[in-house]
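Model the placement of chain B on the given structure of chain A, informed by the hints.
Given next are the chains, with one letter for each unit.
Number of protein chains: 2
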Amino acid sequence: MISATAFAHPNIALVKYWGKRDLRLNLPSVSSLSLTLGPWRTQTRVTWGSYEDRVSLDGSWIEGSAAVKVLAHLDRIDPRRPPCTVVSDNDFPTGAGLASSASGFAALTLAACAAAQQDRSIDELSILARQGSGSACRSLWGGFVQWNRGQRPDGTDSHGAPIADQDHWDVSMVVAVVHDGPKSVGSTEGMLRTAQTSPLYQTWLDTAEANVHTAHEAVLKRDIQALGEVMESSTFKMHATMHTASPPLIYWQPGTVAAIQAVFELRKRGVGAWVTMDAGPQVKVLCLSKDADDVQRILQPHAQRVEVLRAGGPATVRVHAD
Amino acid sequence: MISATAFAHPNIALVKYWGKRDLRLNLPSVSSLSLTLGPWRTQTRVTWGSYEDRVSLDGSWIEGSAAVKVLAHLDRIDPRRPPCTVVSDNDFPTGAGLASSASGFAALTLAACAAAQQDRSIDELSILARQGSGSACRSLWGGFVQWNRGQRPDGTDSHGAPIADQDHWDVSMVVAVVHDGPKSVGSTEGMLRTAQTSPLYQTWLDTAEANVHTAHEAVLKRDIQALGEVMESSTFKMHATMHTASPPLIYWQPGTVAAIQAVFELRKRGVGAWVTMDAGPQVKVLCLSKDADDVQRILQPHAQRVEVLRAGGPATVRVHAD
Numbered sequence: 166m167i168s169a170t171a172f173a174h175p176n177i178a179l180v181k182y183w184g185k186r187d188l189r190l191n192l193p194s195v196s197s198l199s200l201t202l203g204p205w206r207t208q209t210r211v212t213w214g215s216y217e218d219r220v221s222l223d224g225s226w227i228e229g230s231a232a233v234k235v236l237a238h239l240d241r242i243d244p245r246r247p248p249c250t251v252v253s254d255n256d257f258p259t260g261a262g263l264a265s266s267a268s269g270f271a272a273l274t275l276a277a278c279a280a281a282q283q284d285r286s287i288d289e290l291s292i293l294a295r296q297g298s299g300s301a302c303r304s305l306w307g308g309f310v311q312w313n314r315g316q317r318p319d320g321t322d323s324h325g326a327p328i329a330d331q332d333h334w335d336v337s338m339v340v341a342v343v344h345d346g347p348k349s350v351g352s353t354e355g356m357l358r359t360a361q362t363s364p365l366y367q368t369w370l371d372t373a374e375a376n377v378h379t380a381h382e383a384v385l386k387r388d389i390q391a392l393g394e395v396m397e398s399s400t401f402k403m404h405a406t407m408h409t410a411s412p413p414l415i416y417w418q419p420g421t422v423a424a425i426q427a428v429f430e431l432r433k434r435g436v437g438a439w440v441t442m443d444a445g446p447q448v449k450v451l452c453l454s455k456d457a458d459d460v461q462r463i464l465q466p467h468a469q470r471v472e473v474l475r476a477g478g479p480a481t482v483r484v485h486a487d
Numbered sequence: 166m167i168s169a170t171a172f173a174h175p176n177i178a179l180v181k182y183w184g185k186r187d188l189r190l191n192l193p194s195v196s197s198l199s200l201t202l203g204p205w206r207t208q209t210r211v212t213w214g215s216y217e218d219r220v221s222l223d224g225s226w227i228e229g230s231a232a233v234k235v236l237a238h239l240d241r242i243d244p245r246r247p248p249c250t251v252v253s254d255n256d257f258p259t260g261a262g263l264a265s266s267a268s269g270f271a272a273l274t275l276a277a278c279a280a281a282q283q284d285r286s287i288d289e290l291s292i293l294a295r296q297g298s299g300s301a302c303r304s305l306w307g308g309f310v311q312w313n314r315g316q317r318p319d320g321t322d323s324h325g326a327p328i329a330d331q332d333h334w335d336v337s338m339v340v341a342v343v344h345d346g347p348k349s350v351g352s353t354e355g356m357l358r359t360a361q362t363s364p365l366y367q368t369w370l371d372t373a374e375a376n377v378h379t380a381h382e383a384v385l386k387r388d389i390q391a392l393g394e395v396m397e398s399s400t401f402k403m404h405a406t407m408h409t410a411s412p413p414l415i416y417w418q419p420g421t422v423a424a425i426q427a428v429f430e431l432r433k434r435g436v437g438a439w440v441t442m443d444a445g446p447q448v449k450v451l452c453l454s455k456d457a458d459d460v461q462r463i464l465q466p467h468a469q470r471v472e473v474l475r476a477g478g479p480a481t482v483r484v485h486a487d
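Going line by line, the protein sequences match chains A and B. Each residue of the first sequence is one higher than the one before, starting from 166 at the first, in our numbering. Each residue of the second sequence is one higher than the one before, starting from 166 at the first, in our numbering.
The hints are simulated quantities; they were obtained by calculation from the structure and are not laboratory data. A hint or two may mislead.
Copies of the same chain are indistinguishable here, so a pair counts whether it falls within one copy or spans any two.
[Claimed, not checked] Heads up, simulated SDA-like pairs for lysine to any residue below, C-alpha to C-alpha not over 25 Å straight-line:
hint	residue 1	residue 2
1	386	413
2	348	426
3	234	334
4	386	345
5	348	466
6	433	411
7	348	415
8	234	319
9	455	435
10	185	475
11	185	461
12	433	358
13	348	436
14	348	432
15	455	412
16	386	330
17	185	463
18	348	433
19	433	346
20	433	351
21	433	412
22	433	170
23	455	381
24	234	224
These numbers come from a predicted model, not from an experiment.
Pulled out of the complex, with its shape left as it was, chain A reads as follows (with noise of 0.2 Å):
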């Protein structure tokens, strides 16, 4: 019985994911660019020879979709594992907008491999981690980090690969938390719904590569505008899909619109400062860290909550003999 503990970062999107080319290997129909954020982690540790299979999840062992997603996880690592105990744990809230999922699964996969004493190189590691949850793959790393679509049929050419560490560039990624409660459509229905129906999606398809590449030049420049324009086009392409969806789907919710005009408003007065939104209602804004409590001040009338993060490092792991 070997225990082994692991520790990710969420990360976000700046070039967004959205659209699934293969459902079961969980491969994009698109490339996307994340910056991985700290301090909020998740520690995972996976203990690989239990008596049964358990999982618990920030303090309370759980059951139902949730652990059987997890569980399903484990056995795509090992298809002939043993009973495994799971307790992972978010030192961040959830409904932030920062999918646990990202971190989650790749702190899952980095522990439960290294207490199976599997050797796997890290970007075998990100590929499993894709399938656990998509956005996961990229938060093996710190800093930057692209996430190639890839052409193979059998994914193994979709996966994170850094572009620059978390001491590259000191941006910050400010999150105004505008509207609490469960997301109405979960984004894979969200994704089939607007491959399936908006006139839009295949604009936004043959535009996202070249986004990626903006971005990824950008980034080497450290050049914040050009980055913080084309986050910002990459997001109203990805939404202007959602909403021509049919029916629509309009994640967006009154803070979300209070949120992007100040944040407009204070770029009018010569603050770097963009805009990004996932598949829920909170605004997270891009800007260089000088800049961070500007942006956090504009924010705080139209959100229950704002936070500051920054870059964070890469996932880490420890493996213990009980």
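The following block gives chain B in isolation, referenced to the frame of chain A:
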């Protein structure tokens, strides 16, 4: 010296007009389909041959760009015209997001041509009105009106045409004024920015004619669901091109999203109601008149005021010698 007084109702596009193929002649890039709305109306009296050019709007003599636009329209009607007096009054509040320029230029065209004793067909009048303000070309008719994009460079095939009059079908348009204040970016500037910078603009153009066809059929069949769905599709596509312009053009305000979400909730409860928005934050909801009270009630908490409008009749004119 002859005077004529014309009355015209505003109209709202159900399949949207957004984009110009010719700026000078005010020719649209897409066909559109509208509903003329009563009881709101503009009354405009033109006196052909007065001491000097004078323009009164809503009870005040005006100068500046609005007056220049009115007088330029008279020059268009007769380049060798005498000095004229124009007195125009709206019985509806401006800022309600129902362009008073549509009813205004329809009434101005009708009154001026009558006062000038010009014998023009209604299509010619519509073509003239279009050059004053695009959507004005639809306000000459009551009920449902289609404005074809046309192909000719001179614009002689781009004018309103009636589909069904105001008695054809008892529908209502419930207008929620969710945000006061001038719009940030005018329609013409917004159209230009969108056409030049949105990656989604081409798809907007490519899918517009099919939307008009669908809406036309739905009107003839009195199919409120088909009409509502294509209206929402056209609306969200148009706003998608705005949102993805560079810089983004977001006419929505918090109240816009609140009203949209309220209508979606109402629809889940089985009431047939669909939203549309123009180049501004106000939300207008299409429904059968029997459902207008329900719609008004759910919009009230999110709006400064809510008005229920019905199909209006055609523009009219009478000549009177002073």
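From the Cα coordinates, with 25 Å as the cut-off, is the pair residue 386 and residue 330 best called within, between, both, or neither? Only inside one copy: residue 386 and residue 330 sit 14 Å apart there, 61 Å across copies, limit 25 Å.
Within, between, both or neither: how does the pair residue 234, residue 319 come out at a Cα-Cα threshold of 25 Å? within (21 Å within a copy, 64 Å between copies)
Alpha-carbon proximity context of residue 348 and residue 426, limit 25 Å: Both, since 22 Å and 13 Å are each at most 25 Å.
Is the C-alpha distance from residue 433 to residue 412 at most 25 Å within one copy, between copies, in both cases, or in neither? This pair counts as between: shortest inter-copy Cα distance 11 Å, intra-copy 35 Å.
Is it within, between, both or neither when you check residue 234 against residue 334 at 25 Å Cα-Cα? neither (36 Å within a copy, 52 Å between copies)
Checking residue 185 and residue 463: alpha-carbon separation at most 25 Å within a copy, between copies, both or neither? Neither, since 36 Å and 37 Å both go past 25 Å.
Up to 25 Å CA-CA - residue 413 versus residue 386, copy category: Result: close only across copies, 24 Å inter versus 38 Å intra.
Evaluate residue 433 and residue 411 at a C-alpha cut-off of 25 Å and name the case that applies: within, between, both or neither. This pair counts as between: shortest inter-copy Cα distance 14 Å, intra-copy 35 Å.
How would you label the pair residue 185, residue 475 (within, between, both, or neither) given a Cα cut-off of 25 Å? neither (29 Å within a copy, 44 Å between copies)
Cα distance capped at 25 Å. Does residue 185 pair with residue 461 within a copy, between copies, both, or neither? neither (34 Å within a copy, 40 Å between copies)
Same-copy or cross-copy closeness of residue 433 to residue 170 [CA-CA at most 25 Å]: neither (46 Å within a copy, 46 Å between copies)
Same-copy or cross-copy closeness of residue 433 to residue 351 [CA-CA at most 25 Å]: between (35 Å within a copy, 18 Å between copies)
Of the numbered hints stated above, those contradicted by the structure are hints 3, 4, 10, 11, 17 and 22, listed in ascending order.
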